[in-house]
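Peer 1: As they're listed, the protein sequences go chains A and B. Residue 1 is where the first sequence starts when you use our numbering, and the numbers rise one by one after that. Residue 118 is where the second sequence starts when you use our numbering, and the numbers rise one by one after that.
Just so you know, these hints were derived from the structure itself, not from any lab. Do not rely on the hints blindly, as some may be mistaken.
What the hints assert, rightly or not - Quick look at which bits of chain B chain A covers, simulated, 3 or more residues with Cβ under 8 Å:
| hint | region |
| --- | --- |
| 1 | 155 to 169 |
| 2 | 216 to 223 |
Said to hold, decoys possible - Footprint (simulated), chain B over chain A, 3 or more residues, beta carbon under 8 Å:
| hint | region |
| --- | --- |
| 3 | 10 to 24 |
| 4 | 61 to 69 |
What the hints assert, rightly or not - Some chain A residues near chain B, calculated using beta-carbon distances under 10 Å:
| hint | residue |
| --- | --- |
| 5 | Gln6 |
| 6 | Phe7 |
| 7 | Phe108 |
Values in this document were obtained by computation on a predicted structure and should not be read as measured data. We treat Cβ as the ideally placed atom computed from N, Cα and C, and that holds for glycine.
Here's the letter readout for the chains.
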Amino acid sequence: EAGVTQFPSHSVIEKGQTVTLRCDPISGHDNLYWYRRVMGKEIKFLLHFVKESKQDESGMPNNRFLAERTGGTYSTLKVQPAELEDSGVYFCASSQGFLAGGRREQYFGPGTRLTVT
Amino acid sequence: KNQVEQSPQSLIILEGKNCTLQCNYTVSPFSNLRWYKQDTGRGPVSLTIMTFSENTKSNGRYTATLDADTKQSSLHITASQLSDSASYICVVSGGSQGNLIFGKGTKLSVKP
Chain A
1 EAGVTQFPSH SVIEKGQTVT LRCDPISGHD NLYWYRRVMG KEIKFLLHFV
51 KESKQDESGM PNNRFLAERT GGTYSTLKVQ PAELEDSGVY FCASSQGFLA
101 GGRREQYFGP GTRLTVT
Chain B
118 KNQVEQSPQS LIILEGKNCT LQCNYTVSPF SNLRWYKQDT GRGPVSLTIM
168 TFSENTKSNG RYTATLDADT KQSSLHITAS QLSDSASYIC VVSGGSQGNL
218 IFGKGTKLSV KP
């Protein structure tokens with residue numbers, strides 16, 4: 001079974017440009033999450049999809065970030081226009097169903113390293 | 118403020134030795150605590166997940182403990198191997214939305 005995949009693995013763009021990151025979750029996983037790790041800081045939650053609906057987008061930093069999951073399969077995260085502080089590693093994770101005690105196992109992709117110059 | 122603190126920040130040990138990594142958290146409400154292993158250039162991989170009623174959980178040479186009263190957890194690695202070199206991240210699920218709150222991780226280097 002294929003794991004969570006992300007594309008591209010690395011993107012270098014100039015300030016003011018637009019970048020779109022893609023995440024393909026594990027097949028059949030209804031839950032899809034986006035996270036970001038800024039250099040020197042911890043990984044932080046951005047948002048959570050259940051199928052095509054945004055369950056929680058409280059971690060999105062500002063309106064320059066737009067996440068979509070049309071059809072409830074893959075998801076995209078667009079940054080427009082990119083700023084220097086957007087540089088970091090963007091992780092996607094997916095999970096299926098619900099376990100007792102809220103222990104949904106999340107499976108992470110390898111991340112996309114975004115560098116804004 | 119919901120926070121997860123880990124120590125040490127980095128650790129170097131010799132192959133075959135044991136080590137223990139620490140995690141303190143201030144997350145409320147608390148749902149569960151997870152330890153992840155992250156190899157360089159890869160995404161985090163789950164090692165253990167514990168709810169408040171679980172004191173210890175093992176996964177091969179990895180043993181995690183949880184003290185929900187003191188809000189502390191530890192990850193013990195037995196008979197370390199070179200492949201154990203990675204960042205180990207303590208993650209607490211909780212808060213108002215039940216989202217994952219990450220620590221900064223402990224970078225472990227196992228030397229031959």
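Peer 1: If a hint holds in the structure, say so; if it doesn't, say that too.
Peer 2: Results for each hint:
1. Requiring three or more residues with a Cβ within less than 8 Å of a Cβ of chain A, the coverage given for the region 155 to 169 of chain B holds, as 8 such residues are present.
2. Given a C-beta distance limit of less than 8 Å, the hint that chain A covers the region 216 to 223 of chain B holds, as 7 residues qualify and 3 suffice.
3. Here's how the region 10 to 24 of chain A fares: 0 of its residues keep a CB closer than 8 Å to some CB of chain B, so the rule of at least three is not met and the hint is violated.
4. Counting residues of the region 61 to 69 of chain A whose C-beta lies closer than 8 Å to any C-beta of chain B gives 0; at least three are required, and the coverage claim is violated.
5. Hint status for Gln6 of chain A: holds, given a least beta-carbon distance of 8 Å to chain B, under 10 Å.
6. Annotation: interface hint on Phe7 of chain A violated; nearest CB of chain B at approximately 14 Å, more than 10 Å.
7. Using the Cβ-Cβ criterion of 10 Å, the hint placing Phe108 of chain A at the interface with chain B is satisfied: the shortest such distance is roughly 3 Å.
Going through the hint list in order, the structure does not satisfy hints 3, 4, 6.
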